[in-house]
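Chemist: Residues per chain are reported as follows:
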Amino acid sequence: MSDTVQYDKTSPYYKTAVNQDYLDVASLPSVPKKLDDVLFTVNKTYEYRPDLLAYDLYGDPGLWWVFALRNPNAIQDPVFSMKIGTQIYLPKKETLQGIIS
Amino acid sequence: MASTNTDNYLPDGSSQTQGFTQQQAYAAPASSSAARLAVSGLVAGASGVLSAVAGRVFNFNFKEANGNTVSPESDWRVRVSLQPETAKLFYNNEKNPLLYPLSPTNGVVFPYTPQINIVHSARYGANQLTHANYASYFYEGSEVSQINIATDFTVQNIVEGVYFAAVIHFFRSMTKMFYGNSLLAGTPPPMVYLDGYGEAYLPHVPCVVTQFSHTMPQDVDYIEVPVGANLTNVAGQQINNSNFGSRTRLPTFSSIQLTLQPVYSRSNISRNFTLEKFASGGLIQGSTSPIGGFL
Numbered sequence: 001m002s003d004t005v006q007y008d009k010t011s012p013y014y015k016t017a018v019n020q021d022y023l024d025v026a027s028l029p030s031v032p033k034k035l036d037d038v039l040f041t042v043n044k045t046y047e048y049r050p051d052l053l054a055y056d057l058y059g060d061p062g063l064w065w066v067f068a069l070r071n072p073n074a075i076q077d078p079v080f081s082m083k084i085g086t087q088i089y090l091p092k093k094e095t096l097q098g099i100i101s
Numbered sequence: 102m103a104s105t106n107t108d109n110y111l112p113d114g115s116s117q118t119q120g121f122t123q124q125q126a127y128a129a130p131a132s133s134s135a136a137r138l139a140v141s142g143l144v145a146g147a148s149g150v151l152s153a154v155a156g157r158v159f160n161f162n163f164k165e166a167n168g169n170t171v172s173p174e175s176d177w178r179v180r181v182s183l184q185p186e187t188a189k190l191f192y193n194n195e196k197n198p199l200l201y202p203l204s205p206t207n208g209v210v211f212p213y214t215p216q217i218n219i220v221h222s223a224r225y226g227a228n229q230l231t232h233a234n235y236a237s238y239f240y241e242g243s244e245v246s247q248i249n250i251a252t253d254f255t256v257q258n259i260v261e262g263v264y265f266a267a268v269i270h271f272f273r274s275m276t277k278m279f280y281g282n283s284l285l286a287g288t289p290p291p292m293v294y295l296d297g298y299g300e301a302y303l304p305h306v307p308c309v310v311t312q313f314s315h316t317m318p319q320d321v322d323y324i325e326v327p328v329g330a331n332l333t334n335v336a337g338q339q340i341n342n343s344n345f346g347s348r349t350r351l352p353t354f355s356s357i358q359l360t361l362q363p364v365y366s367r368s369n370i371s372r373n374f375t376l377e378k379f380a381s382g383g384l385i386q387g388s389t390s391p392i393g394g395f396l
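Protein sequences, first through last, are from chains F and Y.
Position 95 (the first sequence) corresponds to 95 in my numbering; numbering is contiguous.
Each position in the second sequence, counted from 1, maps to that position plus 101 in my numbering.
Warning: the hint list may mix true and false statements.
[Unchecked claim] Which stretches of chain F does chain Y cover? Using the computed rule of at least three CB atoms under 8 Å from a CB of chain Y, they are: (1) 36 to 42; (2) 73 to 87.
[Claimed, not checked] Sample of chain Y residues with no beta-carbon within 10 Å of chain F, all distances over it, derived: (3) 143; (4) 169; (5) 195; (6) 201; (7) 239; (8) 305; (9) 315; (10) 324; (11) 348.
Please keep in mind that the hints were generated in silico from the structure rather than gathered at the bench.
Treat the numbers as computed from the prediction; the structure is a model and nothing was measured.
Backbone N, C-alpha and C define an ideal beta-carbon position, used for all residues, glycine too.
Can you build the whole structure from these sequences, using the hints too?
Modeler: In structure tokens form, the structure reads like this:
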């Protein structure tokens, strides 16, 4: 029986190879930029809470990482870069379905 | 026993039961998640929101340099309006969400400068005399012929679309008489008033709409507009939410042609018209007064 972990499709590590004892070099999914992505200014409700934002928008807190991958310049740290006033683009749910399916 | 008639179209619109359905108001968030999104101006799925695209390209109400809004009556743009009491049956009736977008401009204001053709004519009969080098002419009468207006409309956002849909439906309505179960049954189509460029040119001219046509081109895009939606209610809601408005597709660019016939009552002409008074401008002053409006 294999003792490697299979990450869920909604995990950023889903495509990263898993060796017996460790994760291989990260192979993160790319979140495409769409012209009609909504620009959102992080407010107090979602400060440091990408999981909460992902839950409210997509119904899955496991998608906390999509904001960092969609906004690589604005978000260096997926959690602590989500400060009040930070402007980020929000990928649409349909866009994500194409990535995680 | 006679059945109760519930379809009467009362002047205050209070029993207008068969009209266009008013759209539902802003729905209260059903969950804490929805509440957080609403506070943040977002919608589930990160879809676009109406408020983000409902920019007002068409300047509905002009503003003075000091920022005050110019009243529709002081606006120099060409406008087709109704007499105030009649307007309550149409665009000034809050229960008529289809035409109510015309209320802020108190009638139809043409966003782009229209082409207007006004012909004033004096009619002379010719008497061809025998063995004469010149014909003799005798005066028969004068008239102001039909006023032809042609203009363009663009629909680039929801606000413009809702306004344009109201314009089309307004002119459609102006070619119909009151009929059937209406309390005003038998009354001919309403009179409209034409204003524009100051009262020295179009002095609140009383007219009837004799023809209206809308050309829908085949080579432009058509965009979906929630006609009848209260935009202050749907801002922040997801686009294409079928709960709001009647989803209607309108051309992004189209033209309308309008034919108006100036009409003056016999008593008004008999009591007030003299050429001396007309020539001196006495019949165009006070554009909304009973004696104004002569072309």
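Chemist: Run every hint past the structure and note whether it holds.
Modeler: Going down the list of hints, with the structure as the test:
1. 36 to 42: Three-residue rule met by the segment 36 to 42 of chain F, so holds; n is 4.
2. 73 to 87: Our answer is that it is violated, as 0 residues pass the Cβ test (under 8 Å) against chain Y, missing three.
3. 143: 6 Å, violated
4. 169: 32 Å, holds
5. 195: Residue 195(Y) clear of chain F: closest Cβ-Cβ about 32 Å, beyond 10 Å.
6. 201: Non-interface label on residue 201(Y) holds, nearest chain F Cβ at 29 Å vs cutoff 10 Å.
7. 239: The assertion about residue 239(Y) holds, with a minimum of 71 Å to chain F.
8. 305: Given that every Cβ of chain F is farther than 10 Å from that of residue 305(Y), nearest at about 45 Å, it holds.
9. 315: Consistent with the label, residue 315(Y) stays out of reach of chain F, its closest Cβ about 30 Å off (over 10 Å).
10. 324: 14 Å, holds
11. 348: 19 Å, holds
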